[in-house]
Each structure stands twice: as structure tokens, then as C-alpha cells.
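Asks: Model the full assembly from the supplied sequences, consistent with the hints where possible.
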Amino acid sequence: MPETSSANKTAFEERRTREKYCQHWLKTQKKTVSKLINYAAFAGICNGLLLLLQAALLAFILHSLLIEKQSLFANLNQLNFQLNTFFSGLLAAQIPYNLPENVLLPAIFFLFLVMMLRSCTVYLFQTTGFEAAARIKTRLRQELVNKLIHLEPNYLKQHQSGELAATLLEQIEALEPFFSRYCAQQTIIAVLPLLMIACVMPINWVAGVIFLIAFPLVIFFMAVIGISAAVASRNQFLAMARMGGYFLDRLQGLPTLKLFGQAQRELAHITYVADDFRGTTMKVLRIAFLSSTVLEFFSALGVAAIAVYVGLGLLGKIEFGPAKHITLQQALFVLFIAPEFFMPLRQLAVFYHDRAAALGAADLILKVMDAPTLSFPQTNLTDFKKLPDLSLELQNVSKKYGERTVLSAINLQIQALEKIALVGESGAGKTTLLKLMLGLETASEGMVLLKGLPVNPDFASANITWIGQGASIFYGSISDNISLFNPDYSAEMIQTAAEKAGVSEFSKNFPEGLATLVGERGYGLSGGQIQRIALARAFLKNVPIVLLDEPTSHLDEQNKLLLLDVIDALFKDKTLLIASHDPAVIARMSRQIVIENGRLL
Amino acid sequence: MKDLKFFLILFKPYQNWLLAGILLSIITTLGGIALLTVSGWFITSSAIAGVTVVNDLAASFNYMQPAAEIRALAIVRTLGRYGERIITHEATFRVLAQVRIWFFAQIIPLATGRLALLRSGDLLAGMTSDIDALDGLYLRLIAPVTVAVFGLSAVLLFIYQYSAVIALNTLILLFIASVIVPLIFNRLGNDGAKAIVSLTANFKTQQIEILQGLRDLVTFQAYERFKNKALRVSDRLIETQRGNNRLTALSSAITLFISQLSLLLTVILAAAALQQGEMSATDAALLVFCVLAAFELITPLAPAMQMLGKLQQAAQHIREVATLPPTIVETQTPLSLPKNFDLALENLSFRYEGQNEWLIENLSLTIPQGSKIAIVGNSGMGKTSLLHLLLRFFDPQQGQLLLNGANYQQFNSDELLSCFGLLSQRSQLFATTIRGNLLIGKADATDAELNAAIAAAGLESFIQKLPDGLETWVGEQGLKVSGGEARRIALARVYLKNAPIILLDEPTEGLDAKTEEDVLAALEMIAKDKTLIMVTHRSAGLKLVNEVYQLKAAGLSKLPSIPEKLEQVLLYSD
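As they're listed, the protein sequences go chains A and B.
Start counting the first sequence at 1; every next residue gets the next number (the numbering used here).
Start counting the second sequence at 1001; every next residue gets the next number (the numbering used here).
Just so you know, these hints were derived from the structure itself, not from any lab.
Careful: at least some of the hints might be erroneous.
Stated by the list, open to error - Derived Cβ-Cβ restraints for the label pairs, each shown as a range: (1) B/Gln1398 with A/Tyr475: 31 to 37 Å; (2) B/Glu1357 with A/Gln142: 41 to 47 Å; (3) B/Ser1336 with A/Arg265: 17 to 23 Å; (4) A/Lys147 with B/Ala1322: 34 to 40 Å; (5) A/Ile213 with B/Asp1132: 38 to 44 Å; (6) A/Ala416 with B/Asn1356: 47 to 53 Å; (7) A/Arg286 with B/Leu1010: 22 to 28 Å; (8) B/Asn1347 with A/Ala462: 52 to 58 Å; (9) B/Glu1564 with A/Asn154: 27 to 33 Å.
Glycine included, every Cβ here is placed at the ideal spot set by N, Cα and C.
Replies: Put into C-alpha cells, the structure is as follows:
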């Protein structure tokens, strides 16, 4: 696969800019829950501090046992008894009275408590983190759902509903680990190592200095390796991106490949590309993995250096630093701390792909957030009652989709109670004209006025009802579909609408009448039945203007006439505009508006 | 489990890589444990040697060797970690490639009939993420579990040599902490997990419903209600997730606590043994450090247990799709393709699986070689299904299709496809160069053939304007091609394929007037000596044909003449 270096560079730069943008967005999201993230981080830091305490207690106990030769059990014969009382004492939350004087038992009991507390911090870290993520998830879903309604219809057309629903669902879920643990862990690594060094310093300053030097070194080397890996991946960026998407691309194109007899050939190619992809990716990973190796190296080196230093100090073989006066207790303490010192960093490395996943999800979420929206002039609704009866007016309206002009220079006035047929071939612009009146689209030029005021979706939907081609049926009962779950409509009102629109005619044959469930998982409805439900919907809404888009398509002659009678009866006292090229419809209307190639004749 | 096992067998060719990765991982982990254990033992020994007899014993204590061991182990640990990561990832990539290739090979016979029934776009996108999830099978499940089993066995055997009680105590507590506790909590979270799946599906359906009915909801002022309903589902989803998260958190807390308890008990048991004189002080320290270091082995186990369910689901899903039956059965003894390409449809009746009513009923039609016909009809009448039958994506339930008098089912379906060139309203472009996209039409096309195809499809000026010409990359990581250009590329492919029968499925749908005109002119030229079958509901393409048939619920009827305005014909038809 040929990739020129300039194409690679552009692709990489594009990606980097986008990534920065996503990163910035994640940061602003993080700020909204910083309190919770700080609580989670606090729980994590407490865990680290308790770990220090645990190390100190263990070191004390071992020192007492091994060097001071203290015994844990006053009398060996009492061993069984002691163990029993120790545990029953814990369970009863009281210390047995008959214990002999012993410093070790309280220490062990204390150690037990510390271990319990550590478990509590682990619980709190996870639950607090979850709350942080939950808040962001809830808010983002709200924002996105509010956004959907304003999206440009064209954008919606180009994107499958499933894809958008996935953004609301899976992509938002994918943000969770980032906010629930990664962010808190970032805070932890900024604080905990310093606290650990501060605790180790007074006990053994040489060990403290080892940590103090190792920590920035690890960060430095990890950064250097990170940059080298980024350079390596930058050189391969385009190739890797293309190979990464190869499988899905060919899988989705399989029907085409098969049609052209290329499926088997492509199978061989997939093998080849997968090999190539592995080779290229491993080249980058070989560098990237050095980063965890560095961490491992310093962690192992830390343990080894401290063990050798304190060991030789205890033997009296070296005199450097506090080596001469070192005790086993101190030595054990620093050795316990050594492997734990790098633990928070290691944890962050484990969580690292949370960040990558969040960036990927942010990219998709932002695509929807930043998608083009329709904007309408604000209309002051208190004014419109004073305005004359003139219902709808289009002043020199044009509509373009990109290069394509759908409507040009439309001037039209519609008076109240007029009955109008909007006539034209399919593709002449009828539907677009209706959408402009409804505020579902914005005009490229000119003004659409409703009662003399510029139209917007809220204003339009309060005054106009509309039945498009292929009305939507939602999961629910037929009644729900007529009222669209509006609790303001009583059952009687719905019943009346159903009867007038001819819904009852067919619903009475259904198992549960108007209560029959329809929609995706419910009873299947025919096109004519759906039309009638839509008519009932429009009738129930009872607003002055009614727009119907090709109401008779997909109906046979007999049903068509029935439907037209229903329409006549339902909307007698309304302004009615029907888009159609059906002579039967046109004949019934008092006025004709003819549209051809986007112009009125 | 059965599904996971299936994939394990699929991994077999790479078992050496997989085993090497696990082996290195065991060495690395044990290296780390040994490092801490020896270090603990070393400083305790040093302390005791230093305290007891300052000169004698200290002098006799060979401190050089353990110090060297410590350094060696630190090196083993570091290098081992690097090697382990490289090998396990190399293995994962190989295995993943194997799974992809297997899946692609499995799915080839399912195209196009079965895939057409499955809303393939969403399905296949989901498939790749399921396949990607399988990389966790080795990296996050098998490798850590195997390492834990062998590593723990080694550590326990080591401890056993010093104290059977401590070995037993460690075994039991670590087993409870890392296996029993996660399993119990997974079980407790089962109902929640199921509720999460169904709420997720519920939320998604509602969203899709809202998006598809958006216009109705806006104009009927119902959007707020539907929106709030969906958001309530989201709230319930989060509430359920919260419950399950609490369980997971509790599980990690208890796992940590029980594993720490094993350390505490080790200290107590060692103290008892020490007091009874059954154990030396240095050994006691050694055991405490060994148990402490062994926690590293069980840390990845709890996530592995959580992974198990997800992996099972992914594996099951992949296998379900891969083992779907094809919609047609290939004959074992195919006829070779004839020289003559007369087509005939005899009493054809067809419906999709699960439908009760015929979509196409008792349809007959003869299409001699070289004839040019259009089949028109309103949407939903079965035009596209008829095309699918002609391409043998499906077999009819009744009646038969004949090629040169022989039943379709006597031919190999791939060979049969080679007789057809299809141009449809969907032009599939692949993420490759324009040349690569054209070569889909004919893999071994010469430059001259390519140029002829480009000229025929009217792509010359488009390609001339591109700085990289034919080598311009198309698709997500390259040039965004407009719908019209994509259609022209698809047209060039049909030209290159040079099949005797040209099928057109709404070939100019969604094109602007100029492109439509060009495409139709090109098609007229391409189909000059060929059979041409077009399905459409638009007038524009009808000038290419000599006969027009209308598909209605009642059947197929020939129109007396070629209609000027097809819309009028269709409107009054049903």
C-alpha cells in the first residue's frame, strides 16, 4: 500500500489536532465532577498511607519476633486457646480479659484493623469513581438528546439512526472508566509518591533518596520512550490507520466482492494485510513496551538496591549514611515500601487504555455535538394573536442543498380556511416546501411567515399539523399512537378521533381494540391503517392549519375515495393544504398551486 | 465454554507462541517473587548475623552470593517483563488474524442472501468489535489464569518445604480471595447484568424510534415526552449499573482483605512455629515476604473472572453468525456455463423466511439474450427481491429460474454471478486507491482496459484533477468521493467486468440531472450487445429499454408502450 510521506504527515497532523480538541473536551467534562474525582483520589491516597502503616506494623512485629525474641503466645500450651480467643475476640469486637501482657497482640490486632480499612478505601475508590462517571453520563445523554431535535435534517439523513443511538449509548458508556478511575489515579500519582518519600526519609534517608531520584527518572524515561513510540507510530500512522480499518471495510463490502468474484482473492489479501499490520504495529510496540520495562527496571532496582544496602549495613559491611545504626525494623519497613512505591504508576499504566478509549468515544460524541443545527429567528408568541387572518406566507423563498437548488424564488400567500392542492411531479419540491412551512428546514433565502411572524419549529407546531409520507408508528397502543402519549387528551377524545378518522373501523377487529400494541414489537399495520392513525393524530391536535403530504399514495382506488371523504369531514373548518399529483385529490380542492422544478407556475 | 473452546482450537497453529508467552510470564512473575523473598531473607539474615556474634558469624555469612542473586533476579524480572509483553502481543496479533481470516471465510457463503436478511451493516460492525474482544481470551484470561496456577503451585511447593500449615493457609485463603469471591459476586450481579443488557436494548430501541419519527414528534409537540421517557430508561440503567458497581467494589474489597488476611495468618503461624522452635527466624521472614510477593499472581484473576462472561458472549455471538446456514445450497456437480444466456422465469413464487404471504407469486417471464427490459412497480412490490432471485441470492420456494434452459440450481452460484454486471443505487467503494477500486471489476485489467473503463464512465476529468491520479486513496483515510463519482466508479467496474447480462437497480437514484444523463448514456453504450434488465420506479432510465413490465400485487403485466411519465402509470396501478 503506497503512502506518500506528505499524505502521512497531513493525516497525522489532522488526527493530532482532533485529539487535542477531544482532550480539551474531556478536561472540561472532568472539571464538572472534580469534587467526586478528588474524593476518589483521596480514598486511593488513604489506601497508600494505610499501606505505609501496614508496612510499619509488619516490620515492628517481625522485628519483635525475630530480634527481640518476643513471643506472641505467653504459653505454648495455650496456643489453641489463644488463637480461639483472638478470633472470637475480634468477632465479638472486644478484647478477651485473660490475655497476658503482650505488645504483639495489640500490634496484630491493629494490623488487622489497617487491613480492613484498606479494603474500605478500595470500596470507596470504586463507588465514588462510579458516581463521577454516572453524573457525566446522565448529563451528556441529556445534552445529546436535546441536540438531536435541532440537527439539520440532511445530517440525520446521512447518518443511520443506529449509529446515532450508539453514540448516545455505547460511546457515552465508553467514557466511564476514564472518569471513574483514570482521572483519580492521575491525582494519586501526583501526591502519593511524595508522601511515601516523606515517610521514608526520616527512617532511612538513603532509601528516601533512592526513591527521590528514581521517581523523576522513571517519569523522564517513560516520557522519552513515549515520544519515541509516538515518532515511530507517526511515521507509520497512515499505513496503520488504513490497515486497521481494512478488515471491517472488506467485510462490509463482501456482497460487492462476491458479485465481482473477488471474495476468495480478498481472503488471501486479508491474510497479507494482517501480517503487515502485525509487523508495523509490533515495531511501534517494541518501543512502547520499553516504557513498562523501565518501570519494572526501576522497581526491581529499587528493591535490589535497598535490600543490598540495608543488608550490608546490618552486617556492618558499609558505613555510608545511616547504615551503621540501622535496625531490622527500619530495614524491613523500607523493603516493604520499595515494591509499593511504584504501584500507583503501574496502576496508571494498567488504566492507560481507558484514556485511549475515552478519546475515541469523545471523537464520536463531539461529531454529534458539533453537527450542524438549524437556526430560526426568535418569534415573540404574544404578538401573533393581534395579526390578521393571513395564515401562511412565503416571501421570495429559495432552498438549496449544496449545489442543488430545490426551490427558487417562491412567493405564496395562503389565507385562513383555504383548501389548496399543491401539485407537482415527485422531485418537484413539494415536500421541501411543506417542511419549510413546518420549520423542519430553513430557507436558504427569503422568509417563511406564519401569521405574519417568521416561522420556527415551536411556533409552527403550535399552529400547524402535518402528515408526512410514511407517518411513524411508535411502540405502544393505538391510543398512545393517536395521542402520542399526551396525558392532556382524555380517552373519549381519543375515541372520537379514532372513529372520525376511521381507525375504529379496523381496530375493532384487533384483539384489544384501541389498546392493541403496535409498532416495532407489536401488531403489524398496513400503510392505509397507519395513514388513518396519522389522520386521527392530526384531528386530535386541532390546530388551524393542516398540511398533508401525498396522503393517497399506496392506496387503491376505493380506499382512496374513502380516505378523501374522511379528510373532507375532519378538516372542514381548517386551512388545508394537500401535496399530491393525484387528480382525484386536486378535483376536491378549491385552489391549485402548481410547482415544477422548484418554481411556482 | 463450548464456544471458547472452539476458538482455543482455532488458536492451535500458534500454540508455540502462546506457550512461550505464558512461560516467559511465569518466569517474570516468579522472578519478582523470588527477588522480594530473597531480599527479605537476606536482610533478616544480615540483621541476625550482625546482632549475634558480631565478628564470627558475620564473617562466616556469605553475603556476596545473595547480593549477587538479588541483582540477577532484578535483571531477570526486567528483561522477562519486556520479552513477555512482546511475545504475548505477537501471539495475540497472530491469533487475531487467524480468527479474522476464519470468520471472513465462513461468511463468504452467507453473502449476499443471508447477510441481506440480517441488516448487515450494523451486524458486521458489531462482529469486528466482538472479534477484537477475543484478543482478551489469551491476554486477559488464559495467560493470567495459567500463570496463576503454575506460579502459585511453585510458590506453595516452596512454602510447603518450610511449613505445611502456612502453605495450606495460603492456598485456601488465596483461592477464596481470587476465585470464590469474584465468582460469588459475579453470580450476585447476574440479575443486574441481565437487567443492564435489556435496559440497554430498550434505550437503544427508543432512541432509534425517536430518531426515525423525529419529524412527527416535533410537529406533534411530543418530543419532550418521548425524550423524557428515554432519559428515564437511562436513569434506570445507571441505577442498575450503580448496584452492580457496588457489588464489584465489594468484591475487590473482600478479595484484598482475604489476601491480606493470609499474610496476617502467615505472620501468626510463623510466630507460633518460631516459638516452638520448629522454624528459624530467617525462614520465618522468608515466608512472610514470599506470601506478600505472591499477591502479584492473583491480582489479574478477578478481572479475568469478569472477562469470562464478556468473552463467552462475544465468542457465542461470532459463532452464531458464522454458523448460519446459507440461503442457497450449492450443487456438488455443477454444469459449466453455457454459451447462450437466455433467461427464463417459470411460475416463480417467493417469500422471505418467516413471511406468510407471497411477495412474488406465480411469476413467469422469458428474457432472451440481448433483450432490453424494465420492470417497474411501486416500492414494496418485490422488484429488488426479483433481482436477488435473478442473482441467486435466494432460491424461489416454487417454480424455477432457467439459464439457457437449465435450472439455476444446477450451476455453481459464483460462476452464475460471473454472468451478471450489477449497477445499483448503492455504490460500494473500498478503502483503497481508485485503481484498486476499479480493479474490483477485473483483477487483471490492463492499463488500456482501465482507461477505456474510465472514459466510458466519464471519470477522466475527475481523475485528471487529482494530484495522485489513479493512485489517490479513497475512503475514511483518504479522499471523500461524492455520490455521483462513486456511481461512476461503480459503472466503470461494470464496464470492466464485461458480463453478458447487465442488471440495473434504480441506477440513477440520488444523482443530479447531469450525472444521470451521463450514466444513462454510458449504460446504453455498455449494454449495446448485452441483455439489460432494469428495475426502477422512475421514468428517466426507460429510454434504454424496448419493453416495460409492471410488477403488481396481481402479477407481472407488459405495458403496451414505454410510458412518458412513469409516476402516472404507477399511481393508478394498484
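Asks: So, for every hint listed, does it hold in this structure?
Replies: Structure-based check of all given hints:
{"no.": "1", "hint": "B/Gln1398 with A/Tyr475: 31 to 37 Å", "result": "35 Å, holds"}
{"no.": "2", "hint": "B/Glu1357 with A/Gln142: 41 to 47 Å", "result": "44 Å, holds"}
{"no.": "3", "hint": "B/Ser1336 with A/Arg265: 17 to 23 Å", "result": "21 Å, holds"}
{"no.": "4", "hint": "A/Lys147 with B/Ala1322: 34 to 40 Å", "result": "38 Å, holds"}
{"no.": "5", "hint": "A/Ile213 with B/Asp1132: 38 to 44 Å", "result": "41 Å, holds"}
{"no.": "6", "hint": "A/Ala416 with B/Asn1356: 47 to 53 Å", "result": "49 Å, holds"}
{"no.": "7", "hint": "A/Arg286 with B/Leu1010: 22 to 28 Å", "result": "27 Å, holds"}
{"no.": "8", "hint": "B/Asn1347 with A/Ala462: 52 to 58 Å", "result": "57 Å, holds"}
{"no.": "9", "hint": "B/Glu1564 with A/Asn154: 27 to 33 Å", "result": "32 Å, holds"}
In summary, the structure agrees with every hint in the numbered list given earlier.
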